[in-house]
Amino acid sequence: MNDRTLAPWTDLVSLGTRHAMAGLSEMLGEEIAVSSFALKRTPVAELANVVGGAEVDAVGIYLTVTGAANGHLMLIYEPRIAYAFVDLLMGQPAETTQELDEMGRSALGEMGNIIGAFFLNAIADATGLELMPSPPAVMTDMAGALLDVVTAEILLRQDDTYVAETTFTTADREIEGQFMVMPSEELLDVLLKSSKAA
Amino acid sequence: MAKILIADDAAFMRMKSASLVKELGHDVIEAEDGAEAVKVYQAESPDAVLMDITMPNMDGMEALQEILKLDPDAKIAMVTAMGQQAVIMEAIKAGAKDFVVKPFDADRIQSALWKLVG
Amino acid sequence: MTLDVVTNERIMLSLGEWAVSDDPERELVCLGLGSCVAFCAYDPQKHIGGMAHMVLPDSDHGKRSGAEAKFVDLAVPLVVREMEGLGALRSRLVVHLVGGAQMLSGASFSDTMMIGQRNVEAAHEAVEAQRLKITSEDTGGDAGRTVKLAIATGQLDISSPRKKLTAAAA
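Protein chains in written order, with the numbering used here: chain A, 869 to 1066; chain B, 529 to 646; chain C, 1147 to 1316.
Worth flagging that the hints you see were computed from the coordinates, not collected in a lab. Possibly wrong hints are sitting among the right ones.
Said to hold, decoys possible - Under the rule of at most 20 Å between Cα atoms (straight-line distance), these lysine to aspartate or glutamate pairs were calculated in the DMTMM-like manner:
(1) B:K643 x B:E564
(2) C:K1209 x A:D1028
(3) A:K908 x A:E1033
(4) B:K621 x A:D993
(5) B:K550 x B:E560
(6) B:K621 x A:E998
(7) A:K908 x A:D1057
(8) C:K1192 x C:E1230
(9) C:K1209 x A:D1027
(10) C:K1209 x A:E1053
(11) B:K621 x B:D601
Given the structure is predicted, the values throughout are model-derived calculations rather than measurements.
Using the sequences and the accompanying hints, generate a full structural model.
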């Protein structure tokens, strides 16, 4: 797939990401500014480099996409960023959360749910497709180990994947993290076809 | 005062919704997935249900249909981030009385409950 | 100063990569194994080591394409063959399996969550098919692992910094 055919996909992901950030902003009750957005084709084996290496500690929020086609959504953050989200979500002062308890996990899961659903809602409404997110899983481990969850399944069929990288900031807190959208080739085909038809 | 069943797999959401519903003066019972929601509905006959859609075991759409089979007059509002047109239409057609898109504020929950239980 | 560690040159194996070496200055490393399995083999007499970072159990008789060590059924014989090429003797090989964790649990992920276990099972089969014996195994569970094999000594170093609970966000 060359860059030209990728353009509609970039538009869709960009649209989805804007909606996702709007959902997050509503959920947190805070303005969120997207400071960078990039869609890249990356070898699956190098995904860990995107998040700072396979061995760094990370918190991952993972959802699968089902419906018109399949794909993966993963939000991946340094632990201190994930803890900052928990504080925002629970309405706690900054740096209250120092580790993830069940309620913290649940709060992050719900954040993944909102972000994933808003992302898919935008794409679904733009294309007329029905795309459903799974319930979220929240995991803590080395980034490489977390990414195995998606890489194994993607590598079964392809060696590259598309990663949408988004960094964003809130008014008083700098939050950097990856919102990774990894469509299957099948999902990509379906999306490109339906956006062409639209 | 009414008895409201909150069905959501996320403990965080149950906590948030329950505190809003309690502030409005209602009793709250909870279920963690769709299958449990059906069971709890049968056992406790709540006055209304706030039902998430994306849940493990049985999702909210299926639970909606199961509960309506048990009680065709069941008052159920879907509460979900899945605000896709197709999903909203499907839920209303299946018999949901309201559709609240997450994230919601207190007013939206109040108006949903007003619609369901007056 | 821990001289041996500092001077060792690390060969980092990413997903689907493999390496063999007889250079005593070297160390073969797989970082952050989740459901992936590292096949580690060592000839203690010749000081030859090999490692593969394996991602999936089965190439479907080589029909599935991609990096050579991506599939367990291809990676194990490949590493053994290359070690023999360096002069290792199959009957002397000390074999370790590391990884194959189940990173996800919960009803929604029933398909993906089995990959770790299937990788471990496939690795057992592949090792047996090569008429090798497994000397040690640190597999399964729900925590990621990093594994290092020092070529000079054959010493295997496994770390699992976060033995943790994987929970669906419910």
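Verification of the hints:
no., hint, in the structure
1, B:K643 x B:E564, "24 Å, violated"
2, C:K1209 x A:D1028, "18 Å, holds"
3, A:K908 x A:E1033, "8 Å, holds"
4, B:K621 x A:D993, "18 Å, holds"
5, B:K550 x B:E560, "18 Å, holds"
6, B:K621 x A:E998, "16 Å, holds"
7, A:K908 x A:D1057, "17 Å, holds"
8, C:K1192 x C:E1230, "11 Å, holds"
9, C:K1209 x A:D1027, "15 Å, holds"
10, C:K1209 x A:E1053, "19 Å, holds"
11, B:K621 x B:D601, "14 Å, holds"
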